[in-house]
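Listed below, chain by chain, are the residues.
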Amino acid sequence: MTKDNRAIAQSFIDAIPHSHALGMKIDFVGDGEAHMSMDYDERFIGDPATGVIHGGAVFALLDTCGGAAVISHPDHNGATATIDLRVDYMRPASPGQRIRAVATCYNRTRSVAFVRAVAMDDREDKPVATAAGAFVTGG
Amino acid sequence: MALRTPEPVQVVKQRRDDALAAIVAAIPYIQFLNVSFERRGDELTAVMAYRDTLIGNPALPALHGGAIAAFLEVAAVIELTWATAWAAIEDGTLTPEAITSGHQFALPKTIDFTVDYLRSGLPRDAYARATINRSGRRYASVHVEAWQDNRDRLFAQGTGHFLMPDAKSAKAD
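Line by line, the protein sequences are chains Y and S. Residue numbers for the first sequence, in this note's numbering: 82 to 220. Residue numbers for the second sequence, in this note's numbering: 127 to 299.
Just so you know, the hints here were simulated from the structure itself, not pulled from any lab data. Take the hints with a grain of salt, since some may be wrong.
Unchecked claim - Computed list of chain S residues with no C-beta within reach of chain Y, every gap over 12 Å:
1) 135
2) 178
3) 182
4) 199
5) 212
6) 219
7) 291
To be verified - A few chain S residues that face chain Y, going by a derived Cβ cut-off under 10 Å, partial list only:
8) 157
9) 167
10) 170
11) 184
12) 190
13) 193
14) 194
15) 195
16) 226
17) 231
18) 236
19) 243
20) 253
21) 257
22) 258
Every value quoted in this text rests on a predicted model; they were computed, and no experiment measured them. Glycine is no exception: its CB is placed at the ideal position from the N, C-alpha and C atoms.
Given these sequences and hints, build the entire structure.
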């Protein structure tokens, strides 16, 4: 992916108010795959005893990254919407660490795109969460 | 047998409201999402008051799927925490101070959460109620329904599994 593409994708993400509020960054996007990240922020804490960020913030990153993967597919036109998304929380994200998500649109039909995604902190060999879902394709 | 003097209604309400407020205030992400809880007896309704930062599709406009998911998950976790703590709140063994300090109190951990997006979320307040369908010693299964204008027209529903705080300290098999 060229730097220009990433800038376009980032401006697209910045235009989504909720993704912007969570500070989501595009690290790569193209051919049905998207990499995004989100810095640790104390406002995102879900468990005050440990400082671990809320599952909902991780869910939001995986959902946005999944949508970006769908849109980046060469056959895709227009926007998308999530039909359903399941997130499995494998372990708590380490407090203070950035969360990275990688989403792949591994199958598409005329109306549905199927996505898998994974979220990691600094330990890339042990996922924080995985996700699987269906998204609407252009139509 | 002499009748016991019933507890004044304000004392009962204050105790429950203070405990609920302490649970909700402990979680920063609930504040970030602008979610609050309304209580009728032990029944809770989560309210996500509309804010522009909750938007995911500015063209429609529609709420962000991630904000909806987090809202549902928050509603499920608070319902589960509330239901589990209810008896201890009522008999006075769990005080708001104890909840805030976090010593006698731990939150359930989400194992998995699935969200079904039924229609797009409109740019206005959203409501959710959670039902605990299974509550075991180790884990619980919770279903959440969310609506906006019309209770019968859900815009999202979710199901999640949660590891109970006691099971967490117990040795996993």
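Status of each hint after checking the structure:
1. The beta carbon of residue 135 of chain S sits about 31 Å from the closest Cβ of chain Y, which is more than 12 Å, so the claim that it is off the interface holds.
2. Some Cβ of chain Y comes within 12 Å of the Cβ of residue 178 of chain S; the nearest lies about 6 Å off, and the non-interface call is violated.
3. With a minimum CB-CB distance of about 5 Å to chain Y, residue 182 of chain S fails to clear the 12 Å threshold, and the non-interface call is violated.
4. Against the 12 Å criterion, residue 199 of chain S falls within the reach of chain Y, whose nearest CB is about 5 Å from its own CB.
5. Consistency note on residue 212 of chain S: stated as away from chain Y, and its beta-carbon is indeed over 12 Å from all of that chain's, at 21 Å minimum.
6. With a cut of 12 Å on Cβ distances, residue 219 of chain S stays outside the contact zone with chain Y, its closest approach being about 19 Å.
7. Remark: the non-interface label on residue 291 of chain S conflicts with the geometry, its nearest Cβ contact in chain Y lying 10 Å away (cut-off 12 Å).
8. Hint on residue 157 of chain S holds. Least Cβ distance to chain Y is approximately 7 Å, under the 10 Å limit.
9. Evaluation of the residue 167 of chain S hint against chain Y yields a violated restraint, the C-beta minimum of about 27 Å exceeding 10 Å.
10. Because the beta carbon of residue 170 of chain S sits about 17 Å from the nearest beta carbon in chain Y, more than 10 Å, this interface hint is broken.
11. The interface hint given for residue 184 of chain S holds, since its Cβ lies 6 Å from the closest Cβ of chain Y, which is under the 10 Å cut-off.
12. Hint status for residue 190 of chain S relative to chain Y: holds, with the closest Cβ pair at about 4 Å, below 10 Å.
13. The criterion of a C-beta within 10 Å of any C-beta in chain Y is met by residue 193 of chain S, whose closest approach is roughly 5 Å, and the hint holds.
14. Annotation: interface hint on residue 194 of chain S holds; nearest CB of chain Y at approximately 9 Å, less than 10 Å.
15. The interface hint given for residue 195 of chain S is met, as the beta carbon of that residue sits about 4 Å from the closest beta carbon of chain Y, less than 10 Å.
16. The beta carbon of residue 226 of chain S is positioned within 10 Å of a beta carbon in chain Y (closest approach about 9 Å), and the interface hint is therefore held.
17. With a least beta-carbon distance of about 8 Å to chain Y, the hint placing residue 231 of chain S at the interface is held under the 10 Å criterion.
18. Given the 10 Å rule on beta carbons, the hint for residue 236 of chain S holds: about 4 Å separates it from the nearest Cβ of chain Y.
19. Proximity of residue 243 of chain S to chain Y holds as hinted, the smallest CB-CB distance being about 5 Å (cut-off 10 Å).
20. Because the beta carbon of residue 253 of chain S sits about 17 Å from the nearest beta carbon in chain Y, more than 10 Å, this interface hint is broken.
21. Because the closest C-beta pair between residue 257 of chain S and chain Y is about 19 Å apart, greater than 10 Å, the hint is violated.
22. Checking residue 258 of chain S against chain Y: minimum C-beta separation of about 18 Å lies over 10 Å; hint violated.
The earlier numbered hints that this structure contradicts are 2, 3, 4, 7, 9, 10, 20, 21, 22.
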